[in-house]
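Enquirer: Please build the complete structure, drawing on both the sequences and the hints.
Our numbering puts the first residue of the first sequence at 1, with every later residue one more than the last.
A few of these clues could be false.
Stated by the list, open to error - Below, simulated SDA-like cross-link-like pairs (lysine to any residue); rule was C-alpha separation at most 25 Å, straight line:
#	residue 1	residue 2
1	Lys165	Arg196
2	Lys54	Gly222
3	Lys325	Val343
4	Lys155	Phe98
5	Lys449	Val483
6	Lys54	Glu71
7	Lys412	Asp422
8	Lys336	Pro468
9	Lys419	Gly484
10	Lys409	Arg496
11	Lys352	Pro338
12	Lys336	Asp384
13	Lys105	Ala187
14	Lys419	Pro338
15	Lys370	Glu275
16	Lys325	Pro338
17	Lys479	Asp396
18	Lys155	Glu71
19	Lys406	Leu416
20	Lys92	Lys54
21	Lys165	Asn228
22	Lys412	Leu470
23	Lys325	Arg259
24	Lys336	Asp395
25	Lys351	Ala273
26	Lys449	Ala491
27	Lys105	Asp49
28	Lys153	Lys165
29	Lys325	Ser312
30	Lys479	Phe492
31	Lys66	Ile306
32	Lys336	Glu298
33	Lys479	Gly415
It should be emphasised that the hints constitute simulated quantities derived from the structure, not laboratory data.
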Amino acid sequence: MSSAQKPRVRFAPSPTGYLHVGGARTALFNWLFAKHEGGTLILRVEDTDVERNKPELVDGILVALKWLGVEWDEGPFFQSQRGEMYRAAAEKIFASGFGYACYCKPAAYAGGDYSAPKDEVESSSEGDDEGPKSAKMAACPCRDMSADELAAKQKEGVPRAIRFKTPRTGVTTFEDAVFGHRDVQNADIEDFVLLRSSGVPTYQLSVVVDDIDMRISHIIRGADHLSNTPKQVLIYRALGAEPPIFAHVPLILGADRTRLSKRHGATSVGSYADEGFLPEAFRNFLALLGWSTGDDSEFMRTPELIERFSLSGVSRTNAIFDRAKLEWYNTQYLQKPPVEEIVPFVEAELKKAGLWQDAWGTSEHAWFAKTVDLIRPRTRLLGDFAGWARAFFTDDFSYDQEAVDKFWKDEKIPGLLAKLTDALAAIPDWNHDACDAALRGVAAAEGVKAGVLINATRVAIVGRAVAPPLFDTMVALSKDRVVGRLRRAAAFLAAR
RNA sequence: GGCGCUAUGGUGCAACGGUUAGCACGCGGCCCUUUCAAGGCUGAAAUACGGGUUCGAUUCCCGUUAGCGCUACCA
Numbered sequence: 001m002s003s004a005q006k007p008r009v010r011f012a013p014s015p016t017g018y019l020h021v022g023g024a025r026t027a028l029f030n031w032l033f034a035k036h037e038g039g040t041l042i043l044r045v046e047d048t049d050v051e052r053n054k055p056e057l058v059d060g061i062l063v064a065l066k067w068l069g070v071e072w073d074e075g076p077f078f079q080s081q082r083g084e085m086y087r088a089a090a091e092k093i094f095a096s097g098f099g100y101a102c103y104c105k106p107a108a109y110a111g112g113d114y115s116a117p118k119d120e121v122e123s124s125s126e127g128d129d130e131g132p133k134s135a136k137m138a139a140c141p142c143r144d145m146s147a148d149e150l151a152a153k154q155k156e157g158v159p160r161a162i163r164f165k166t167p168r169t170g171v172t173t174f175e176d177a178v179f180g181h182r183d184v185q186n187a188d189i190e191d192f193v194l195l196r197s198s199g200v201p202t203y204q205l206s207v208v209v210d211d212i213d214m215r216i217s218h219i220i221r222g223a224d225h226l227s228n229t230p231k232q233v234l235i236y237r238a239l240g241a242e243p244p245i246f247a248h249v250p251l252i253l254g255a256d257r258t259r260l261s262k263r264h265g266a267t268s269v270g271s272y273a274d275e276g277f278l279p280e281a282f283r284n285f286l287a288l289l290g291w292s293t294g295d296d297s298e299f300m301r302t303p304e305l306i307e308r309f310s311l312s313g314v315s316r317t318n319a320i321f322d323r324a325k326l327e328w329y330n331t332q333y334l335q336k337p338p339v340e341e342i343v344p345f346v347e348a349e350l351k352k353a354g355l356w357q358d359a360w361g362t363s364e365h366a367w368f369a370k371t372v373d374l375i376r377p378r379t380r381l382l383g384d385f386a387g388w389a390r391a392f393f394t395d396d397f398s399y400d401q402e403a404v405d406k407f408w409k410d411e412k413i414p415g416l417l418a419k420l421t422d423a424l425a426a427i428p429d430w431n432h433d434a435c436d437a438a439l440r441g442v443a444a445a446e447g448v449k450a451g452v453l454i455n456a457t458r459v460a461i462v463g464r465a466v467a468p469p470l471f472d473t474m475v476a477l478s479k480d481r482v483v484g485r486l487r488r489a490a491a492f493l494a495a496r
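Expert: Right under this line is the structure:
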């Protein structure tokens, strides 16, 4: 069956925070892989940690994934609703001898220092210097409890957890599409807990049970899980299942090479959406963090990303999140695609800023698209449209002080502007060349360089020094507005 | 502490035994120019260190160092 060959992958966030850029990159890789292979992406919420889990965060994660453009085919499934399955699996492992009951107090093994127990260190240092390379893990005393002791504990009603009975010898192996073939000494793997004494499964158990149940073929996840993988392989075997192919992707770090956290600034994808980044730019940027085509391709629109994505191009080194490069991608995506593609984003941005007028969406749609096209070569973030380009969409704007100081300094400016106002007001057919001719005519008549008048006029009609070419701006603004704003500037200049 | 992973300019990636070590972001300069961008050209900037293997190492092996990860009844 060919359908059996189609990969099934999953993204499995835990709702202990918002969707951060690392998780977003993992989700994106899973999605690109599924799309490329014609496979299926499953969304699973890993909320088994009752303490830290915050249900209200789930929605934010889904919204962020949708913004990113990562669409899942199945789910979301919630682990918190599948407890019975995990308990059954734990009991099965216990019953078949791959696990054992542990009556220890949780606190006893949740020690703060990560050093091996003293007696263990001492005993190994005395005799056999020929021992195996791997450190012996401190086993829980319950592992070797006699039947009588076990029965006694049970009778006392001491809460019981189920631990995996890791073989003391041998090697556990698995295949990783990124890191290659792995061999891990079983002696280095501790007897990890499968089922908490509360009856709630641990991550190790629930992932494996779900990945088996959901028939996951490729597990693409962060490299922080690489060390846990042998444990999971052990569970697969104990459950009589074949492990899937793993693909651990390197981590994304902050500028100081430590794990990304709040103090590195924005880390949630939601904050980038709010800041005015385009989802496709974010996708392109994220895709190239830990993956490359093998050649020097950098600007790749999403269909090309899907077309070219391959696990074999995933790197093994951690990457640093470089905001400057993200911003460069955003300028590219703001400027290169056909303008119709970005018009909706600008519309949403203007609505957010309260500057949107419904007429622009209908009869004067052409005007809006043309104006967006005029402005966008100078934009870096969507917010620029309601920011420095505000005057294109509303008469409610102020004069930038720096621009005023620079271009309205000369005392001849008011007089020049007044002459220009009259000249422009007399234009019968308002277009680029007519405006150009009118302005140059005034400049020539007054004996000043056109540039002086151009710069002064720009400040008058858009309030700042940075704007698109002046005559294009005049056309976009319309004659009435330009003349009106010139008069307003005259009043402003006269009043100071 | 133990186990593991990684190591090319400031950053992201190329070069998968033989290149003047390439591209992009950022930074500097020049061009264009009506401000500011964009664009074009251009400059500075890297193989962590030490040993091997080889005719030849960025590339393969070992060690050192550094960073990161795991080492929880977190995920």
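Enquirer: Taking each numbered hint in turn, which are not upheld by the structure, reported in ascending numerical order?
Expert: 14, 18, 20 and 24
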